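Residue numbers (the working numbering), protein chains in the order written: chain G, 1 to 299; chain Z, 1001 to 1299; chain S, 2001 to 2299; chain D, 3001 to 3299.
By construction, these hints were calculated from the structure, which means they are not laboratory data.
Please read these numbers as outputs of a predicted model, since none were measured by experiment.
For glycine and all other residues, C-beta sits at the position ideal for the given N, C-alpha and C.
Some clues are possibly wrong.
To be verified - To give a feel for the contact side, a few chain G residues facing chain D, derived at Cβ under 7 Å: (1) Glu127; (2) Ile130; (3) Ile134.
To be verified - Coverage of chain G stretches by chain Z, computed from C-beta distances (three or more under 8 Å per stretch; other residues unrestricted): (4) 173–187; (5) 222–230.
One letter stands for each residue in the lines below.
Protein chains: 4
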Amino acid sequence: MLTGIHIAFAGGDARHLEVIRKCVELDATVTLFGYDNLNPPPVGTTKGRWVPGELTGIDVLVLPVVGTDDNGHVESIFAPGTLVFRDEHAAQLKPSTLVFTGMARPYLLNLCQRHRLRLIQLLDVDEVAIYNSIPTMEGALMMAIQNTDITLHDAQTIVLGLGRTGFTLAQGLKALGAHVRVGVRRPEHYARAFAMGYAPFYLRDLAQCVRDVDIVFNTIPALVLTAEVIARMPPHAVIIDLASSPGGTDFRYAEKRGIKALLAPGLPGIVAPKTAGQILANTIIRLILEKKGNQEGLP
Amino acid sequence: MLTGIHIAFAGGDARHLEVIRKCVELDATVTLFGYDNLNPPPVGTTKGRWVPGELTGIDVLVLPVVGTDDNGHVESIFAPGTLVFRDEHAAQLKPSTLVFTGMARPYLLNLCQRHRLRLIQLLDVDEVAIYNSIPTMEGALMMAIQNTDITLHDAQTIVLGLGRTGFTLAQGLKALGAHVRVGVRRPEHYARAFAMGYAPFYLRDLAQCVRDVDIVFNTIPALVLTAEVIARMPPHAVIIDLASSPGGTDFRYAEKRGIKALLAPGLPGIVAPKTAGQILANTIIRLILEKKGNQEGLP
Amino acid sequence: MLTGIHIAFAGGDARHLEVIRKCVELDATVTLFGYDNLNPPPVGTTKGRWVPGELTGIDVLVLPVVGTDDNGHVESIFAPGTLVFRDEHAAQLKPSTLVFTGMARPYLLNLCQRHRLRLIQLLDVDEVAIYNSIPTMEGALMMAIQNTDITLHDAQTIVLGLGRTGFTLAQGLKALGAHVRVGVRRPEHYARAFAMGYAPFYLRDLAQCVRDVDIVFNTIPALVLTAEVIARMPPHAVIIDLASSPGGTDFRYAEKRGIKALLAPGLPGIVAPKTAGQILANTIIRLILEKKGNQEGLP
Amino acid sequence: MLTGIHIAFAGGDARHLEVIRKCVELDATVTLFGYDNLNPPPVGTTKGRWVPGELTGIDVLVLPVVGTDDNGHVESIFAPGTLVFRDEHAAQLKPSTLVFTGMARPYLLNLCQRHRLRLIQLLDVDEVAIYNSIPTMEGALMMAIQNTDITLHDAQTIVLGLGRTGFTLAQGLKALGAHVRVGVRRPEHYARAFAMGYAPFYLRDLAQCVRDVDIVFNTIPALVLTAEVIARMPPHAVIIDLASSPGGTDFRYAEKRGIKALLAPGLPGIVAPKTAGQILANTIIRLILEKKGNQEGLP
Ligand SMILES: NC(=O)c1ccc[n+]([C@@H]2O[C@H](COP(=O)([O-])OP(=O)(O)OC[C@H]3O[C@@H](n4cnc5c(N)ncnc54)[C@H](OP(=O)(O)O)[C@@H]3O)[C@@H](O)[C@H]2O)c1
Ligand SMILES: NC(=O)c1ccc[n+]([C@@H]2O[C@H](COP(=O)([O-])OP(=O)(O)OC[C@H]3O[C@@H](n4cnc5c(N)ncnc54)[C@H](OP(=O)(O)O)[C@@H]3O)[C@@H](O)[C@H]2O)c1
Ligand SMILES: NC(=O)c1ccc[n+]([C@@H]2O[C@H](COP(=O)([O-])OP(=O)(O)OC[C@H]3O[C@@H](n4cnc5c(N)ncnc54)[C@H](OP(=O)(O)O)[C@@H]3O)[C@@H](O)[C@H]2O)c1
Ligand SMILES: NC(=O)c1ccc[n+]([C@@H]2O[C@H](COP(=O)([O-])OP(=O)(O)OC[C@H]3O[C@@H](n4cnc5c(N)ncnc54)[C@H](OP(=O)(O)O)[C@@H]3O)[C@@H](O)[C@H]2O)c1
Chain G
1 MLTGIHIAFA GGDARHLEVI RKCVELDATV TLFGYDNLNP PPVGTTKGRW
51 VPGELTGIDV LVLPVVGTDD NGHVESIFAP GTLVFRDEHA AQLKPSTLVF
101 TGMARPYLLN LCQRHRLRLI QLLDVDEVAI YNSIPTMEGA LMMAIQNTDI
151 TLHDAQTIVL GLGRTGFTLA QGLKALGAHV RVGVRRPEHY ARAFAMGYAP
201 FYLRDLAQCV RDVDIVFNTI PALVLTAEVI ARMPPHAVII DLASSPGGTD
251 FRYAEKRGIK ALLAPGLPGI VAPKTAGQIL ANTIIRLILE KKGNQEGLP
Chain Z
1001 MLTGIHIAFA GGDARHLEVI RKCVELDATV TLFGYDNLNP PPVGTTKGRW
1051 VPGELTGIDV LVLPVVGTDD NGHVESIFAP GTLVFRDEHA AQLKPSTLVF
1101 TGMARPYLLN LCQRHRLRLI QLLDVDEVAI YNSIPTMEGA LMMAIQNTDI
1151 TLHDAQTIVL GLGRTGFTLA QGLKALGAHV RVGVRRPEHY ARAFAMGYAP
1201 FYLRDLAQCV RDVDIVFNTI PALVLTAEVI ARMPPHAVII DLASSPGGTD
1251 FRYAEKRGIK ALLAPGLPGI VAPKTAGQIL ANTIIRLILE KKGNQEGLP
Chain S
2001 MLTGIHIAFA GGDARHLEVI RKCVELDATV TLFGYDNLNP PPVGTTKGRW
2051 VPGELTGIDV LVLPVVGTDD NGHVESIFAP GTLVFRDEHA AQLKPSTLVF
2101 TGMARPYLLN LCQRHRLRLI QLLDVDEVAI YNSIPTMEGA LMMAIQNTDI
2151 TLHDAQTIVL GLGRTGFTLA QGLKALGAHV RVGVRRPEHY ARAFAMGYAP
2201 FYLRDLAQCV RDVDIVFNTI PALVLTAEVI ARMPPHAVII DLASSPGGTD
2251 FRYAEKRGIK ALLAPGLPGI VAPKTAGQIL ANTIIRLILE KKGNQEGLP
Chain D
3001 MLTGIHIAFA GGDARHLEVI RKCVELDATV TLFGYDNLNP PPVGTTKGRW
3051 VPGELTGIDV LVLPVVGTDD NGHVESIFAP GTLVFRDEHA AQLKPSTLVF
3101 TGMARPYLLN LCQRHRLRLI QLLDVDEVAI YNSIPTMEGA LMMAIQNTDI
3151 TLHDAQTIVL GLGRTGFTLA QGLKALGAHV RVGVRRPEHY ARAFAMGYAP
3201 FYLRDLAQCV RDVDIVFNTI PALVLTAEVI ARMPPHAVII DLASSPGGTD
3251 FRYAEKRGIK ALLAPGLPGI VAPKTAGQIL ANTIIRLILE KKGNQEGLP
């Protein structure tokens, strides 16, 4: 239970509703900033005004997945305009207060460091990345089904990268009957891909592997689908690039060659906002409880 | 090879292009009726005028998947207007000429019977239904991903019917990590569902099984998702009805209760027109060769 | 419930214990013949003496899976010697009494026909064959693991026949990462094998498909692995023949060529006697209830 | 190619034959010590006498998987008696000569350190452990099929540890239709198990999870199956312990309680010696080539 813990949500995206719901369920005290248009507010929560004074006594601050922009602006889909998260707000928070966001820009990193707040970038947490790989995979399959005129079953596919996303994606493709080759750079990834029944290859051989490919999925945040590689793909091939912006594809060249290439960011929030919210909620709650447990000397 | 065999295509849909390509590849003589706007026509084909005289000598006639309407009109996406398939055309064809369509209405059935033409309704051919179950499954998965806010992984799903489509669909869902219950009426389907790792139930118990369901897929061409059943579903449940029109759902009641229910016909042609064309091509060619073989006393 | 139903077990194999247990659980009256050495008898049962008089009033007679021999002898693993099932015993049973066995020889077929008893050969019942295909598959995998010096993963395997056993077996092999080719004779089996992700071929091409095979599993009860086919296998290949005796392999030739070939009958009773007993129990009970229901006009 | 590289094999197990075959194929110079009874020696190899002088010029030394005992004795299944690997032999080898074994005892570790030889313990190499997890899994499945009277399909199984072996094993079990719970201690393993479709739990809750288990597989090299845990298992449960000797089970208590518990070491060499040999061969060759490449400045 989170009884006695005061959690503030500042700015919000669709996934927050699930997080709020779970926090209330566990008996936390929940205050919402930037939810002006959400009427009535979720049962068990109160709305606050974004002034420093109202942040006193907060134990946990939850920001949207995208965090702040370079000037500290925090967006909310539930309010017009934005909040600004400034030094005077941060100053009200106790040192080592937990601050959650998805991915932080330098502004937020610096702010938290100055005030010794414990910033947690959720998308970086290993378990979150693994859970998120599931809706990401489903979104990628959906895009592949929509953007080709053949079935995934019996299609020639390539997955680049066998990290958290690539692993789950390769599994989903194989499960639907695609032929799956996986491009890696480490022998142990090569071995694991083989054990999973994918056909592995080393990334240095990528250009030789794309000749008969139907769909390439990229999960590597580095330029791997270069002009040289794209030049060897068949004209009907489709690229679905999942790596964080700007992706790993030479999109300019792909367009020139007439190869369909799609950058597909933020799939979990798009294809499964409820599941995506639950993923964040579970980890946020786990980390709050862990901190609480440590302080109280619990296991 | 189809050398010496004269194949006519009358009216056309997107899938025909694949069929035409394969027939030409196997050296058939190919004439196209109702392809006025396709310029130039595919290499190795000639265009004909839809007058009875031009049908003399034809060995095989391929109509679109939807066949004719109740007045003999045949549509073509490659021409304005329609052709009409009349007695005077049929009269030019030798008895037991192969006439291919997807599904035939009474008009076409009667016409072929009168002139003793061998009409083959491709969507009824067992192997075609099995191959088509693959793009149908992929289309159904795509719709489920699009129309829910959760992942298929770990979702509670139900598939109604373990025929050719239901079987493949259940497999796809399980492959992506859904919990799959399958409603059947035959003990051997119950056994096969169990052996495949699905949780089977008898359709008479359907109403008791839907209480916690997230997505119901129907493949049974009979009213199974009655108001009584729908009344017991949770409000967030989604119905994806694949059975041929009018489906097996009480759509009126679903709408009244606010349950999202979608009728999804013709998925193979929508999500994988090229694969769908190849499926038809392969069976058309197999049946032509089989007939040829039988006549020549080949195996 | 089976309240009021009198079930006799005559002779017995290991699987019967599970059937007896379930019948008692459902409140049937159970009498055991030929269980002399089973002391005490299972709770809720009584032992009988195999004399015609004691069969009066019996509603259901359960014989061992192997039934009788050609002279009516019925074996029991729980007693020395055998019982003999004669006309005088059968004469005590009401017409259309259910008599269960696995597979019947002519002696038993004739006896039941003469006395108008309803003989059910369980191994022929579709659902039983499907459920049994699971332990059969596991037994076949076990034998393959034991009898080769390579892993099943990445092995080249062939399954002959896509019936109830072949289907489940191919699935198990694929699940463990083997390459699976399936030999069939029907286009719809070809299509289903493809949809399942196996590589299908027509049996007429078998001889061309065995060149690089590591393990061949046969489920076809006809001579398919002829000398001509075996001659083309690599020397290290292993044949595991599951078809009912004498199997579908030219064992004499295989031995001559030094190819390891194993006939593997009765796997369910060997690798999973408890599961195998439950399979029989479930179907026996379902059929008893069905008969009871029909008589009482129940659904 | 390994042209010009001189590889010595000292002592030998069955897997070495595959390694030798591959080295010869790649044109290495191969000398065998302790292969007296292997006549004729494999094509392209020569036998040597185990005296220091004959080790001059050796680039790579391959010992058996079990390495030396505490006195330097090296076993060979191809010769009576043992070789002894002493300082005077090691002194003949150039510094940073590659010495391969599976697992090294202190004797060998010290010897190599004294003479600055680069000892590689193959079973520790990540890729080897992953490849070996495949035959280990198959061996574990085989043992489970043999040692239970039910099918793996629909069985309640638990896998302890989601390392290299546990991961592959859980996958094999799920593939055959078992219910698979996986005991872990890290949140990211919990997440990955969930994504794979296993039901994860934390090891601290193990005692509560075994009540209805049919088979427990242990891969954790620490005492996890304590008396307390075993006491809560049903009497028919079976433990298959794969962790390196002495395993993670209180075998004494299991026996006392009548729970079948099996320690199963060395499965790859037992169930798939040829595959196991190829795994070693591939990594040995990869590492030799890598070293050669580095020295020559190749990529
Ligand atoms: N589109 C979406 O909706 C969505 C959802 C989730 C994640 N993402 C994005 O997808 C990407 C992957 O996420 P992840 O969680 O899978 O990360 P990850 O676990 O770190 O995996 C990244 C993979 O890329 C490989 N890699 C990285 N740099 C490389 C380079 N220069 N050359 C070759 N290989 C390289 C890594 O190989 P090594 O292990 O050898 O380093 C690893 O296999 C990230 O950009 C993430 O932001 C997008
Ligand atoms: N949406 C699309 O894109 C698409 C694509 C392909 C097919 N379809 C349609 O999907 C439907 C199924 O096609 P299919 O090829 O799978 O057919 P199928 O193989 O004949 O399967 C139909 C299933 O429905 C069951 N069934 C039929 N009538 C029933 C009733 N009154 N009560 C209970 N169960 C009943 C059958 O059970 P029994 O075996 O016990 O009779 C069988 O399992 C058809 O309407 C077809 O036109 C749609
Ligand atoms: N070893 C064991 O423990 C064990 C356990 C269970 C069953 N069995 C035995 O395994 C065999 C198969 O059982 P099942 O239940 O799978 O039977 P099934 O469902 O009837 O399947 C038999 C398969 O063999 C094919 N076939 C039959 N005769 C053929 C022929 N002359 N040429 C080509 N194909 C032919 C059938 O093809 P079509 O569909 O085209 O006819 C079908 O695919 C039986 O002999 C059974 O007794 C053994
Ligand atoms: N029987 C055979 O034929 C055979 C074949 C191969 C391997 N093995 C043996 O199997 C064992 C596992 O090998 P592996 O390659 O899978 O090793 P691994 O990748 O290191 O995996 C070991 C697993 O055990 C967990 N673990 C270790 N100590 C633990 C502890 N004290 N409490 C809880 N969890 C603990 C680890 O969890 P963390 O990740 O949280 O540390 C990890 O998940 C080894 O003993 C190996 O020698 C046997």
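Status of the hints after comparison with the structure:
Look at Glu127 of chain G: its Cβ gets to within about 4 Å of chain D, closer than 7 Å, so that hint holds up. Contact between Ile130 of chain G and chain D, as hinted, is supported at the beta carbon level, the nearest pair being about 4 Å apart and thus within 7 Å. Checking Ile134 of chain G against chain D by beta carbon gives a least distance of about 6 Å; that is within 7 Å, so the hint holds. Evaluation of the coverage hint for the stretch 173–187 of chain G: fulfilled, as 3 residues show C-beta separations to chain Z shorter than 8 Å, against a requirement of three.
Look at the stretch 222–230 of chain G against chain Z: 0 of its residues bring a Cβ nearer than 8 Å to a Cβ of that chain, fewer than three, so the hint is violated.
The structure is inconsistent with hint 5 alone, although it conforms to all the rest.
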